[in-house]
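Visitor: Residue numbers (the working numbering), protein chains in the order written: chain A, 969 to 1103; chain B, 2 to 524; chain C, 58 to 506.
The set of hints was computed from the structure by calculation and includes no laboratory data.
For clarity, every value in this text was computed on a predicted model and none was experimentally measured.
Cβ atoms here follow ideal geometry from the backbone N, Cα and C, with glycine treated the same way.
Errors might be hidden in some of the hints.
Within a straight-line C-alpha distance of at most 20 Å, the following computed DMTMM-like cross-link-like pairs (lysine to aspartate or glutamate) qualify [unchecked claim]:
1. A:Lys1057 to B:Glu119
2. A:Lys1031 to B:Glu119
3. C:Lys113 to B:Glu119
4. A:Lys1031 to C:Asp258
5. C:Lys457 to B:Glu119
What follows is a list of derived Cβ distance ranges for each label pair [unchecked claim]:
6. A:Ala1016 to C:Asp338: 20 to 26 Å
7. C:Gly467 to B:Lys45: 54 to 60 Å
8. C:Lys226 to A:Gln1052: 37 to 43 Å
9. B:Glu167 to C:Glu67: 35 to 41 Å
10. B:Glu203 to A:Asn1075: 39 to 45 Å
11. C:Val308 to B:Lys45: 21 to 27 Å
12. B:Gly379 to C:Lys78: 19 to 25 Å
13. A:Ala1095 to C:Asp338: 20 to 26 Å
14. C:Glu67 to B:Asp494: 52 to 58 Å
15. C:Lys339 to B:Gly27: 45 to 51 Å
16. A:Asn1075 to B:Ser496: 30 to 36 Å
17. C:Ser85 to A:Ala1095: 35 to 41 Å
18. B:Glu119 to C:Ser85: 36 to 42 Å
19. A:Gln1052 to C:Val308: 23 to 29 Å
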Amino acid sequence: MAYPTKYRYTKQHEWADVNGNVATIGITDYAQHELGDVVFAELPKVGAKVESGKSFGTVESVKAVSEIYSPVSGEVTEVNGELQNTPEKINTDPHGAAWLVKIKLANPAELNGLMDAAAYEAFIAEADKGKEASA
Amino acid sequence: MNRKIKKASRHTSQNEGLIFEKSSPGKRAFELPPLDVPTVDAAKALGSSHRREGVEGFPEVSEIEVLRHFTRLSTWNFAIDLGMYPLGSCTMKYNPRVNEFVARLDGIATEHPLQPQELSQGCLKILRLLEKCLLEITGMDAITLQPAAGAQGELTGLLLIRAYLEKQGNARKKVLIPDSAHGTNPATAVIAGYQVENIKSESHGQIDVEKLRELVTEEVAALMITNPSTLGIFEERIPEIAEILHAKGALLYMDGANMNALAGVARPGDLGVDVMHLNLHKTFSTPHGGGGPGAGPVAMKKILEPFRPVPILVEKEGGRLVLEPVRPNSIGKVKAFSGNFGVLVRALAYILAYGPGIRQATEDAVLNANYIRKHLEGVYELPYSLPSMHEVVFSDAIQKKNGVNTMDIAKRLIDYGFHPYTTAFPLIVPGALMIEPTESESKEECDLFIDAMRSIAEEAAATPEIVKTAPHTTRVRRLDEVGAARNPILRWDPSRPEKTSAEKKHDVADAKHREPTPVTPTA
Amino acid sequence: MRYLPKSPTEREEMLAAIGAKSIDDLFSSIPGRYRLREALKLPGPFSEAEVIQYFKERATENSFGYTSFLGAGVYNHLRSVVTDAIIQRGEFLTSYTPYQAEISQGTLQAIFEFQTLMCQLTGQQVANASMWDGSTATTEAVLMAERITGRARVLVARSLHPEYREVLKTYAKNSGLRVEEIPYAVDGTLDQRALQSAIKDDVATVVVQSPNFFGAIEPVAVLADVVHASGGLLAVSITEGVSLGLVRPPVEADIVAMEGQSFGLAPSYGGPFVGVLASRDKFVRQMPGRLAGQTIDTEGRRGFVLTLATREQHIRREKATSNICTNQALCALAATVHLTLLGKEGLREMAHQNFSKAQFALAELTKIPGVKRRFAAPFFNEFTIELPRSARIVNHELLKEKIVGPLPLGPSYPELTKNALVCVTETTTRAEIEKLAAAVRRGLDQPLP
Chain A
969 MAYPTKYRYT KQHEWADVNG NVATIGITDY AQHELGDVVF AELPKVGAKV
1019 ESGKSFGTVE SVKAVSEIYS PVSGEVTEVN GELQNTPEKI NTDPHGAAWL
1069 VKIKLANPAE LNGLMDAAAY EAFIAEADKG KEASA
Chain B
2 MNRKIKKASR HTSQNEGLIF EKSSPGKRAF ELPPLDVPTV DAAKALGSSH
52 RREGVEGFPE VSEIEVLRHF TRLSTWNFAI DLGMYPLGSC TMKYNPRVNE
102 FVARLDGIAT EHPLQPQELS QGCLKILRLL EKCLLEITGM DAITLQPAAG
152 AQGELTGLLL IRAYLEKQGN ARKKVLIPDS AHGTNPATAV IAGYQVENIK
202 SESHGQIDVE KLRELVTEEV AALMITNPST LGIFEERIPE IAEILHAKGA
252 LLYMDGANMN ALAGVARPGD LGVDVMHLNL HKTFSTPHGG GGPGAGPVAM
302 KKILEPFRPV PILVEKEGGR LVLEPVRPNS IGKVKAFSGN FGVLVRALAY
352 ILAYGPGIRQ ATEDAVLNAN YIRKHLEGVY ELPYSLPSMH EVVFSDAIQK
402 KNGVNTMDIA KRLIDYGFHP YTTAFPLIVP GALMIEPTES ESKEECDLFI
452 DAMRSIAEEA AATPEIVKTA PHTTRVRRLD EVGAARNPIL RWDPSRPEKT
502 SAEKKHDVAD AKHREPTPVT PTA
Chain C
58 MRYLPKSPTE REEMLAAIGA KSIDDLFSSI PGRYRLREAL KLPGPFSEAE
108 VIQYFKERAT ENSFGYTSFL GAGVYNHLRS VVTDAIIQRG EFLTSYTPYQ
158 AEISQGTLQA IFEFQTLMCQ LTGQQVANAS MWDGSTATTE AVLMAERITG
208 RARVLVARSL HPEYREVLKT YAKNSGLRVE EIPYAVDGTL DQRALQSAIK
258 DDVATVVVQS PNFFGAIEPV AVLADVVHAS GGLLAVSITE GVSLGLVRPP
308 VEADIVAMEG QSFGLAPSYG GPFVGVLASR DKFVRQMPGR LAGQTIDTEG
358 RRGFVLTLAT REQHIRREKA TSNICTNQAL CALAATVHLT LLGKEGLREM
408 AHQNFSKAQF ALAELTKIPG VKRRFAAPFF NEFTIELPRS ARIVNHELLK
458 EKIVGPLPLG PSYPELTKNA LVCVTETTTR AEIEKLAAAV RRGLDQPLP
């Protein structure tokens, strides 16, 4: 799956799609692949404050739970209600329909610290190589 | 090559629905003797507290239906009585039947924990003797038999440590836990009010002693160690580890899950351990029963004795035993009454059967594990070269090249008549195969296990599909765990349609006598 | 040794195959100075007959042959021999936790049936595969309420079993919970005025036992309204499960913690028993312990698996809902078999017999001059009587007649020293009740020592 060039990415495998002052957040294709079939997502409520680098929820498969770390600080303005009934969207469309939350940015300068698509793809290629070496 | 592995083959077993689906009003399975006092109008006496109808949905079936129901269900299970469970760190050994017999004796099973102590001397003697035996085996000074399971033993141990440190003036904040530890360790530390600090193992899965030296500060209350480690390797530097901790006023907790490698051969108390728990349902043969009950006694050094959970068993003049319910420094109770007494009885029966010869069981356990290791080295990747004790951990690295992982191999092992080994644990070995045969396996069974594992390795190389889609010979095929978690159905609900569309489709297929193509390993 | 399937020759063959000269070689990783040179000093080895002999001797040193009127969390009920015939089957007794579902369908379906029965009994929507006992189940209910509400204050009825309160205290100390006790009212139920003045929007849960330690049945629906108005959860603890055959289940409770020992488990000097934790569907992800769920296999057959395991310690580790791993599975199976044998009508009849016999016992005892019913609230099979003198002294006399008398309440409730908790079940005969009354009468007539 391609990594949209418009998005920004974190080392914990989240993506941020910024429009104006609002960032839409999700987890990447790499992350969903690591998790396996997603069964549940625990997301914050609208109005919750999130901090860059801190966990605001989890995504669960049958065998594992992954924390979701916010790429940015701000306030949650929208939560993707569809994931309640169809968490599997996170596997099939992690960069689109399976967005998790929308955040009103408190500090847009934080975006400078995130990777672009090319840097992220290089990052996960390294990670995969590291895995093969230790296997 | 496919040796004649005749251990397992297909077997006809009965289908059986839920007991609620067999229910029909008016059927009875149990009758009571007639009421010998005047009957009371409960509705009048209880008023709004009265349950007018019986329990809705409760089954109404006959005795034979109950017996058949559960008998049929039982035939769907694997069990130690049928064959080997090579589950690492579970110690699935033979559950002696005499243990069941004595636990059920009138005068043992019938006793009420709150009855007068002068009428409980038999029970108290059993507890006292078990305490003494376990102290002898562990080399410790004091013990509590109260915790209901290993996890509760871990909690008790950490609470003892906390109480001790508090008395010294500072309960401290952190507990160090190796990344190879069983999940109950960190979960327990949190409940005990400590922060967990993970300590990465070094390349052989042992505690990194130099890293430990750095991490042990006066904020650390304890290190939780499993010995032998969850890789089945003895922590040779454990006395040094104990010293590092003690020098900073911290304590050493040992998870005793792997005592089957040590009983009668070495004593944790001699190694510098301050407090440890035992799993009676592992090392001491009490039955797993599908998940419990167990018992997790905690043995400790003298410094922790004052903090033991109440009640405390005390020997008075003339050999009279009493349970004293109050101790000023006790951490309190961790469970009502005095622990899982019936489990304690079984463990004592096991110890009495062996006596001083208990070392032989440990030796046979270590012998079996090493025999299996020798014959599977090279067939499966051994991620380290240190000697194994009672269990051995391989990885699926060789088989992974063909897309076959440890879970697949485990499922295929079922077709050969074995329960799977422990998959994907410990976490520090990716794709782990954790194998613990225990002393209860004969050479014959070990040889069959080795042959099965070799055969599966060959299949993984030549015909991987058969391994990836295993098991093939069980009543049910691989079950949809994802669906179960996405849409949890956790009880029978008469309002839900009897069968899903997928189930109905299966019924049609079943009716046409279409069974999955069996591919059995027998000759 | 009969549990070891090896001949000396086989041991030698295996050592040779490994390339070891002796078994000691295989322990070389243990530094020599820690390897024991002598055998441990343990009693035995005992043959099977000697093992049995040892325990038979201990059995004669206990209370068998006495009639007991003790309840207080552990109850004597009829148990069918069919239950043992099932749980002694090797496929149940010696099987492992059903992580490998394909070869554990027997255990898993039985757990699913257990979960269902517990929901039916308690009026809740989801129940787990068991906890260690009623006391730890009650504690886990409190911890669960803390997780759900995010609040740290807990109100506990003083009429909750004293040992359950002690266990809760041990756990609460380290989890930042503040536990306060609410007294009982004159009629034996929870003091509602005290509850009203104590409860605020910082209370995670209010814990009541029903029937409570004194035997009194609590007005659960009324209490639930009070608790819910403050945004807290109502947790109801039940020590005598047979009561649910006759007493309205606590459907308004948010969490129910029950001791299942009454369902086919011997008293066995305090364990192993079986804890039940039941709650609403919406709280399931905060529930500790294992859960068996229904699903289908690759060919559409119905089957069962352990599910929602991400709550548990082996996956979630330090963030788990509990540290519980081993539970009381075989005891839960025994309860399941027992309850399916009793069935709807059997449980109702058993409960009714308990109730009737307890009423009869109350009547007989209160005929004795000076013996009074202490609490006016309705009760099931346990009730509190007040005596004109210390209950312990009366019990001392009863022992001479091979009767284990009702539990003196003084040790746990200093204000109730002359009171005792009487328990009567379907196993208590009319003759035994009459004998108790006569013995109490005689005991009260004795001059003071």
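Visitor: Indicate, hint by hint, whether the structure satisfies it.
Guide: Status of each hint after checking the structure:
1. A:Lys1057 to B:Glu119: Given pair Lys1057 of chain A, Glu119 of chain B is violated - Cα atoms ~66 Å apart, limit 20 Å.
2. A:Lys1031 to B:Glu119: violated (52 Å)
3. C:Lys113 to B:Glu119: holds (18 Å)
4. A:Lys1031 to C:Asp258: Given pair Lys1031 of chain A, Asp258 of chain C is violated - Cα atoms ~37 Å apart, limit 20 Å.
5. C:Lys457 to B:Glu119: The given pair, whose Cα atoms are some 13 Å apart, holds under the 20 Å limit.
6. A:Ala1016 to C:Asp338: 20 to 26 Å: holds (24 Å)
7. C:Gly467 to B:Lys45: 54 to 60 Å: Because 33 Å falls outside the window, the suggested range is violated.
8. C:Lys226 to A:Gln1052: 37 to 43 Å: Holds, since Lys226 of chain C and Gln1052 of chain A (Cβ atoms, about 38 Å apart) stay within the stated range.
9. B:Glu167 to C:Glu67: 35 to 41 Å: violated (53 Å)
10. B:Glu203 to A:Asn1075: 39 to 45 Å: holds (41 Å)
11. C:Val308 to B:Lys45: 21 to 27 Å: Holds: the Cβ-Cβ distance is about 22 Å, inside 21 to 27 Å.
12. B:Gly379 to C:Lys78: 19 to 25 Å: holds (23 Å)
13. A:Ala1095 to C:Asp338: 20 to 26 Å: Violated, since Ala1095 of chain A and Asp338 of chain C (Cβ atoms, about 39 Å apart) do not stay within the stated range.
14. C:Glu67 to B:Asp494: 52 to 58 Å: About 54 Å separates the Cβ atoms of Glu67 of chain C and Asp494 of chain B, which means 52 to 58 Å holds.
15. C:Lys339 to B:Gly27: 45 to 51 Å: Taking Cβ atoms as reference, Lys339 of chain C and Gly27 of chain B lie about 37 Å apart, which means the hint is violated.
16. A:Asn1075 to B:Ser496: 30 to 36 Å: Once the Cβ atoms are compared, 51 Å apart, the range 30 to 36 Å for Ser496 of chain B and Asn1075 of chain A is violated.
17. C:Ser85 to A:Ala1095: 35 to 41 Å: holds (40 Å)
18. B:Glu119 to C:Ser85: 36 to 42 Å: violated (52 Å)
19. A:Gln1052 to C:Val308: 23 to 29 Å: At 26 Å between Cβs, range holds.
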